[in-house]
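**Q** Positions -32 to -1, 1 to 162 (mature numbering (1 follows the signal peptide of the UniProt record, and there is no 0)) are the ones given, in order, by the sequence shown.
Be aware that a few hints might be false.
Quick list of in silico lysine-lysine cross-link-like pairs, DSBU-like style, CA-CA up to 30 angstroms [unchecked claim]:
no. : residue 1 : residue 2
1   : Lys26     : Lys100
2   : Lys60     : Lys156
3   : Lys3      : Lys85
4   : Lys117    : Lys75
5   : Lys22     : Lys117
6   : Lys100    : Lys60
7   : Lys3      : Lys117
8   : Lys75     : Lys39
9   : Lys60     : Lys22
10  : Lys39     : Lys22
11  : Lys75     : Lys60
12  : Lys39     : Lys156
13  : Lys156    : Lys22
14  : Lys60     : Lys3
15  : Lys100    : Lys85
16  : Lys85     : Lys75
17  : Lys39     : Lys100
18  : Lys100    : Lys75
19  : Lys156    : Lys100
20  : Lys85     : Lys39
21  : Lys156    : Lys85
Since the hints were made in silico from the structure, they are not lab data.
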Amino acid sequence: MKTKILKIPSPLQLILATALFAAAGASGAATAFEKTSSLAGTTLVMNGSGTRYKAIFKVYDMAMYLPATAKTPEAVLALPGPKRLSFVAQRKVTGTDLGLAFMRGLKDNNPPELMRKHIPATTRLIDIFSGKSFVDEGHTFAMEFVPGKGTQFFIQGEPQGQPIDDAEFFQMILRIWLGNDPVDMRLKESLLGG
């Protein structure tokens, strides 16, 4: 009969396990986002908010504002009218890393033919964030869609160039968080009011 030896976890293993357990239960954002917002003369309601995690590290808090509440990705995508995604960085991230992460999210959640069709818009998204050395902890950024005007990106409240006049592109952006392979499943659930 073999004797089993009980292996006691190291202090580092205990700390990591505790952090993972705490992160697994966390879904809501630490940032106190406003419950409503105004965009292009329309009052938007916060549909949900949450935190994007990479492993056990908080990357950003995020809130999704819509003209009316929606509980499924399909309902969000079908909603007409303006929409806003608001973010608050929870750690210092290079602009390039953030831009490339958005690009991966786009690629993972949109068909290749849509990605090819929107190469100029996706390149612009990467350029906007890559043009910033860092997005520091506490910095804000946003993505807004206004029908007839397009998608506008903001960093620290400042518009980044001209809007991208393409409604389909904002749908692609929404799929980064609401698609079949979202960047963070808990964040997806939180944005949908879960």
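**Q** Holds or violated: Lys75 and Lys39, Cα atoms, limit 30 angstroms.
**A** holds (24 angstroms)
**Q** Tell me if the straight-line CA distance from Lys100 to Lys85 falls inside 30 angstroms.
**A** With a Cα-Cα distance of about 26 angstroms, the restraint between Lys100 and Lys85 holds, given a limit of 30 angstroms.
**Q** For the pair supplied as a hint, Lys100 and Lys75, confirm whether the alpha-carbon distance does not exceed 30 angstroms.
**A** holds (22 angstroms)
**Q** Can the restraint linking Lys22 and Lys117 be considered satisfied, given a maximum Cα separation of 30 angstroms?
**A** Since the Cα atoms of Lys22 and Lys117 sit roughly 33 angstroms apart, the hinted pair is violated (cutoff 30 angstroms).
**Q** Holds or violated: Lys156 and Lys22, Cα atoms, limit 30 angstroms.
**A** Between Lys156 and Lys22 the Cα gap is close to 14 angstroms, so the pair holds against 30 angstroms.
**Q** Are the Cα positions of Lys75 and Lys60 separated by 30 angstroms at most?
**A** Holds, at about 24 angstroms.
**Q** Tell me if the straight-line CA distance from Lys60 to Lys156 falls inside 30 angstroms.
**A** Answer holds: Lys60 to Lys156 is near 22 angstroms, not above 30 angstroms.
**Q** Assess, step by step, whether the Cα of Lys85 is no farther than 30 angstroms from the Cα of Lys39, and give holds or violated.
**A** holds (29 angstroms)
**Q** Has the given pair, Lys39 with Lys156, been kept, meaning a C-alpha gap of at most 30 angstroms?
**A** The given pair, whose Cα atoms are some 11 angstroms apart, holds under the 30 angstroms limit.
**Q** Please verify whether Lys156 and Lys100 have alpha carbons no more than 30 angstroms apart.
**A** holds (26 angstroms)
**Q** Tell me if the straight-line CA distance from Lys60 to Lys22 falls inside 30 angstroms.
**A** The hint holds at about 13 angstroms.
**Q** Does Lys60 sit within 30 angstroms of Lys100, going by the straight-line distance between their CA atoms?
**A** Roughly 12 angstroms separates the two Cα atoms, so the pair holds.
Hint check: violations occur at hints 3, 5 and 17; the rest are consistent with the structure.
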